[in-house]
Structures are given as structure tokens and as C-alpha cells.
Amino acid sequence: MDNDHLKKIVEGALLASGRSLDIGHLQGLFDIDQVPAKDQLLAVLEDIENECGNRGYELTKTASGYRFQVRQELAPWINRLWEEKPKKYSRALLETLALIAYRQPLTRGDIEEIRGVSVSSEIVKTLLEREWVRVVGHRDVPGRPALYATTREFLDYFNLKSLEDLPALSEIRDIDSIDPELSLQVAETTENAEEQLSDSLEESAVEQEMPESDEESRVQQN
Amino acid sequence: MDNDHLKKIVEGALLASGRSLDIGHLQGLFDIDQVPAKDQLLAVLEDIENECGNRGYELTKTASGYRFQVRQELAPWINRLWEEKPKKYSRALLETLALIAYRQPLTRGDIEEIRGVSVSSEIVKTLLEREWVRVVGHRDVPGRPALYATTREFLDYFNLKSLEDLPALSEIRDIDSIDPELSLQVAETTENAEEQLSDSLEESAVEQEMPESDEESRVQQN
Amino acid sequence: MALSTSANRGSMAPQTVPEVDPSQDIPAAELHSHPLQEEMPFAMIMGRQITELPKDLYIPPEALEVFLEAFEGPLDLLLYMIRRQNLDILEINVAEITRQYMAYIDMMQAMQLELAAEYLLMAAMLAEIKSRMLLPRQAVEEEEEDPRAELIRRLQEYERFKQAAEDIDELPRLGRDVFMATAKEPDRQSERPQPDVAMKEILLSLADVLRRAEMFESHKVQLEKLSTRERMSQVMETLRDKQFVPFVSLFRLSEGRSGVVVTFLAIMELIKESLVEIVQSESYGPIHVKAR
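Protein chains in written order, with the working numbering: chain A, 1 to 222; chain X, 1001 to 1222; chain V, 2001 to 2292.
One or more of the hints may lead you astray.
[As the list claims (entries may be wrong)] List time: in silico EDC-like cross-link candidates among lysine to aspartate or glutamate, alpha-carbon distance up to 20 Å:
1. V:LYS2200 / X:GLU1153
2. V:LYS2290 / V:GLU2237
3. A:LYS88 / V:GLU2170
4. V:LYS2184 / X:GLU1058
5. X:LYS1088 / V:GLU2150
6. X:LYS1087 / X:GLU1073
7. X:LYS1125 / X:GLU1153
8. V:LYS2184 / X:GLU1046
9. X:LYS1161 / V:GLU2255
Derived from the structure by calculation, the hints contain no laboratory data.
Excised from the complex, chain A in its bound form (with noise of 0.2 Å):
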């Protein structure tokens, strides 16, 4: 099959589709003695990138796969299509999923313990209904507390293509009215924290790398 009717056809698929496409997707579109191999629809995909160049919409990568998005720049006149304004998220759900994003897996004492307020079931829900974040087994103490994860689905949410592409998390601020001394023994307690979450999270096979808060320059200032 030439690279033009290849070409077509995924584009069409990616449009009709509506969710993305990985490249499996894409070849079980043909028949068995005609399916395309993995270069040719790269470099199809490739094409079809650049030709997007100056129109309304683009091809992107998310976690499952490829798929056709409207421009950022294009949202104050798309959002107006709609009669609600999109969903706006609290902070109590933001920050919960934070921790779940970047401490993963994590159970909900976990995140109650980091926030200082108790998560509410509501929030659970929310994010469990969104397919955000699902449970991926329980931890092995008194009340088997379930251990939550993100999923594709948050990845393809927020464009990301995996866990590595979120935000690095932001440094540790020093408390102005302590003096040097004190943060001192802060920073040693804190890594001690850091390092029992870390066994936590090798414990369980969750197989993206966070993306860790960069200890060196913590060591530095110190």
C-alpha cells in the first residue's frame, strides 16, 4: 500500500476514533497479509505532524497512543461551542491527586498525613470515577488500606506520555524564622521520610519513574 492511502486511512482512523491510537491499533486496521509495518506508519505519522503544521489542530502523543487535538492557542473560542465552562477542580482534589501523581502508590492515610486534613470519600470517588487513579493493591498493614495509582487515562487527561513528563516537584523552601541550624536537622529528617516512601514505592510494581525532587541541590545548599 502506498504512503498517500496510509496515510488516509490513519488519518481517518485518528478522527473517527475519538480516544487514541497506538501503533497495535493502527495495524489491526488491515488485513493480515496487508498490515503496514511499525517504520512505515511512523514515518506516515510523521507526515501527517508536519502537514498539520498551520491548521487548527495537531498530532500529539499521549500515554495510549497518538490522536488529533484542537491548538491550546485555538481555547477562548472553542470553549465558547459549549454552555458550561469547563470543570473547574478544587484544591482539596488537586492536591490529592498531586500526591498521587508524584508519590505513587500511596494509600489515603498517606495523603492525609501529608496534607494535614482528612481526604474526603467524595474526592476518592471523584478521581476513582474519572479513572484517574485506581487501586493497585493494598498495603500489608492492620486494615489493608488500598494503595492508589494514577492511570493512562490522567496521563491522556493532562498530555502528558508518561509519569517523567509531569512537573518536577519544586525544591524544599526554607522556613524564613528558622534559623540555619534547625533547617539542618530538618533536611536530614525529611530525606529519612523521603527514603522509607521510596522503598514503599519499589515495593509495589509500578513501573514509571517519578519524577524526584532533585536531592543534589538540596545537598548543596546544605
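Guided by the hints, dock chains X and V onto chain A, whose structure is given.
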């Protein structure tokens, strides 16, 4: 606003909306002092239409406005997106069908009596939709239950001229080719397991075939 | 545009007024979230304007609920105090705060007791810190961690994720900043293919059923001659939706003697199973058959 920018907005809106947009909708995307004239929009739409010439989609005008549509000629590939593999009928469905074929006309109650478990509505519905079975009357007892019989389509599918062409019961016995006494024993030991099996099968009429317990080998061991 | 509501979201400085989810139900309070207009009332409480957040931890009781809604908990509130109001946690008048927080308890009965408990816990923590700072240091001092360290560690850790939440909120989001591009799909041509069944599968299934059934009531599964059962179905089909059908019309002479016998047996069986009724209005009169 220049035509290039306008074109991007129109393109983006048509792709994002998922429905047809008319000129009024498109004009509604703009601030009151920036609303493009109808003529300008029509010109832009024509541009967009022309640029689709060699792509996998086209701009079409429907009764309710404009929308992008994946080209019909790509249907053979695109439709694979939604193609589902044929599933297998459950054991419960096959047993029900067999009983209707050999004991027709009979009611659901008759089938349940012989099979020893209830027959789900889903199974009956599937058989009726497949047009292998139909209702030929009602038994004159309380509730007036429907009497089921097989159809011409059933005979056609299995290449039978009439029900008399169905394999005789003796042939069915041959399939087992087991000493009746032994088979009775086996039936007793497996009775509970089988009942559970059919119960779980009942839940949906269509599902994967269960790996049947290999009675023959077990019989030989006895 | 959604982004415009957070002019300084990207900066590290906490906002003067934390954003409040507008969907949250805050009774008797009008909140606004513009960080720059400090003259605007932060909240209306019983007709009185609250123009700014408190400068320290003394929160007027009538405003407490609103403040609690505005902050994501005591850590958030403390962070705000430290960063914005240059609150020195060493200088807190713990006795005063404790007295005030205890007074809140009564009010809390009717409000969000659970949430308030977290603030009370914080007050207790601050009080503990303060009291330990005031105690004369013992010789074992070295081994003892500074009482503030744990609180500071938590504040710092919380601040990182508060920032992370804001960063995530900034990411281009599907349906707000970018949009899935779709076009109408071509007409669907294929339906899901029907499952294939082989006759052997049916026979095997029947064998299974019969084996199971034989165990209990072997007499039930005496299969009649198939032709009779089939003819029963055919007769039922003929009678369907009809009133009375002449008995003789059910027979086909072309089928010969055996055909007539089969039909007769089928009708007898149908009568026996109460599926049809048979009517003869007078002796030697025509016989009619009707489905029951």
C-alpha cells in the same frame, strides 16, 4: 481577523464540537465586535473544503450545518475500529438449543426441569434473535408459558432438510462411547460441580467456552 | 478563559486570598478569588464585610467557617501565615490561641466538627511546641529534636505538593485547553458476526444434559420419535392465531399412510400435553382443533 486565523478557529471548532455547526454557531464563537461576516465564513469554509482534497476526511454540509466526515471509501479500514470478534455461545445456551430441537415444542419450564437449572431470559432472547427458535403457541396452564420450536433458519444453518435429519439419539450415545454404568457414576460425582458451572454460565448467554472437565480420562482412571 | 483566574498562580508566593472552589457551598458568604483587589470584601458574614484574611491566628469566631473553607487545612493556613504575614511561630501567644480555639468547640457542634478537629490539633501542636521551647533546656538537650522540626518538615513537604497541585492545574487539559478532534465516522457496515456452532457441539451438549437428567428421572428423557415431535411443532404452527381448524385439514394425503399416522400421533400427544383442544359439536359432526 485575517483569514488564516479565522480558518484555524473554524477548523478547530468543527473538529472539537463533534456535531454539525452552522454559520450562526460559528459566528457565536467570536466577541461581539469581531464577528466575521457570513461571506467571509463561507469563503473560509470553501478554502477548508478544497484543502481536504487529498486527505482522509472531507467537509460536508448537512441539513444542520457543516462538519468534517471521514471519507466513506475508508470504511473497510475504519470499521475495523469497532469490529468485535464473534464470541462463543455458552454451554447453557447450547443445551437449551439442543433440548428445543429434540423435544419441541416445549416451554422454558420443561427445559429447566430437564436441565435441573433455570434458563436465563438472555439465552432465550439470543436464540429468538438468531431466529433459530420461535414461539409456536402457549401451553394452557397458569401463566400460559410460551412453547418454543426450532425454525427453518435453524435447519438451514445446520444443513438439514428436516428435523428427522438430526442425528438419532443412538448417535449421541456413540459420542460418549462410555459404559452407561460408569457414566452414571461420573455424573454423580460431577453433579455438584456441573451445576455450579451451569449456574455461572447462566448469567450471560454468550461467553467463552468453559474448559469442560475431561470426564473420559477420569472414567478411565476409575 | 480558565487561566485568567490565576494571575499569579505560577509564582511561588502564596496568594493573598486562596482560591476557593466556587462549586463549594459556602452559606451566607460571598467569596471572590481575585488576588489583587484587597479592598473587596473577602466574605460577607451576617451583613458585615470581612475585607481580609486574619493577620495572625486569631480568627473571629463568626468568620471561622469561611476561613476553614478557604484553606486546605491547618498546614495551609499556617503556611499562609508564615509566608504572607511573616508570622513567627516562636512568637505565638499560645495561651490566647488555645483559649480561643477551645471556645470554638461549642460552635463546632453544629458545623464541620471533623474539620475543626484538625485545627484544634494544630493549636495543640503549637502549644506543645511553645511549652517545650519555654522549658529550661536539660543536659539531654542534644539528643532531643527541636520541637519545631517536625512541624516545619510537614509544612515544607505540604508546600511542595500544594505547588505540585497548582502545576498540574496548569497543564493543558483535555476539554479546557485542548480538545479531542473528531470527525463523523463513515457508515458502519459490519455488525458483530454471529457465533458459529457445529452440530457436534449441540449433540455433546445434549449428551451432557441427558446424562445429568438420567440420574434423577430417567423416564423423563425418553425421546419420542423425532418425526412426531417435529409434526407437533408443525401442527402448533398451523393452529397459531387461528380459531378452530378442521381436524381433517391437518392431514396431507400426499404423505401417505405413515404421514397420516405421524400427524395423528402428534395431535394425540398435543392433546395429552394439553396443548390443543378438540371439539366436536354433535355426534359424527366435523371435528375441530384449537390451540389452547
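Verification of the hints:
1. V:LYS2200 / X:GLU1153: Holds - the C-alpha atoms of GLU1153 of chain X and LYS2200 of chain V are around 18 Å apart, at most 20 Å.
2. V:LYS2290 / V:GLU2237: 11 Å, holds
3. A:LYS88 / V:GLU2170: This hinted pair holds, its Cα atoms lying about 11 Å apart.
4. V:LYS2184 / X:GLU1058: 10 Å, holds
5. X:LYS1088 / V:GLU2150: 61 Å, violated
6. X:LYS1087 / X:GLU1073: 28 Å, violated
7. X:LYS1125 / X:GLU1153: 16 Å, holds
8. V:LYS2184 / X:GLU1046: Given that 20 Å is the threshold and the Cα spacing comes to 19 Å, the pair holds.
9. X:LYS1161 / V:GLU2255: 16 Å, holds
When each numbered hint is compared with the structure, violations occur for hints 5 and 6.
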